[in-house]
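Asker: Start from the sequences and build out the full structure, keeping to the hints where you can.
Residue numbering for the sequence shown follows numbering that gives the first Met the number 0, starting at 0 and increasing by one per position.
These are calculated hints, taken from the structure and not from any lab test.
Below, computed lysine-lysine pairings styled on DSS-like, alpha-carbon distance capped at 25 Å:
1. Lys-23 x Lys-81
2. Lys-53 x Lys-23
3. Lys-62 x Lys-81
4. Lys-81 x Lys-61
5. Lys-53 x Lys-12
6. Lys-62 x Lys-78
7. Lys-22 x Lys-12
8. Lys-81 x Lys-12
9. Lys-62 x Lys-12
10. Lys-23 x Lys-12
11. Lys-61 x Lys-78
12. Lys-12 x Lys-61
13. Lys-53 x Lys-78
14. Lys-22 x Lys-53
15. Lys-62 x Lys-23
16. Lys-78 x Lys-22
17. Lys-61 x Lys-23
18. Lys-22 x Lys-81
19. Lys-22 x Lys-61
20. Lys-78 x Lys-12
21. Lys-22 x Lys-62
22. Lys-78 x Lys-23
All values reported here derive from a predicted model rather than from experimental measurement.
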Amino acid sequence: MEAIDEAPGPFTKEEVQFATFVKKYEEALSIKKFLGITIFNPWSSMRWAIDSGKFTSLEQVKKYRADYPGTRTERVLEKMEKRRESLHEDLDGVNQVKQV
0 MEAIDEAPGP FTKEEVQFAT FVKKYEEALS IKKFLGITIF NPWSSMRWAI
50 DSGKFTSLEQ VKKYRADYPG TRTERVLEKM EKRRESLHED LDGVNQVKQV
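Answerer: This is the structure we're talking about:
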């Protein structure tokens, strides 16, 4: 058995975002759960691109969204982006300007 010289480094932000997209896309692609089995739409071109290794980054996914507006890919990315924006809301009103 070969020894491993060094452990792989932490994932980049881009890798984590792509993995999150894949997970969210698969959730959106789910047709239904039946007896604990999730059934997917086998004809999804994005799913084929991910599974075949054609798409391996969020940048490629965003280009696909630009080329094919109105797709499930666009809806999933929009939800991810809205979620990220909501994490930075000013909940305390600190940056609000008072009108006199």
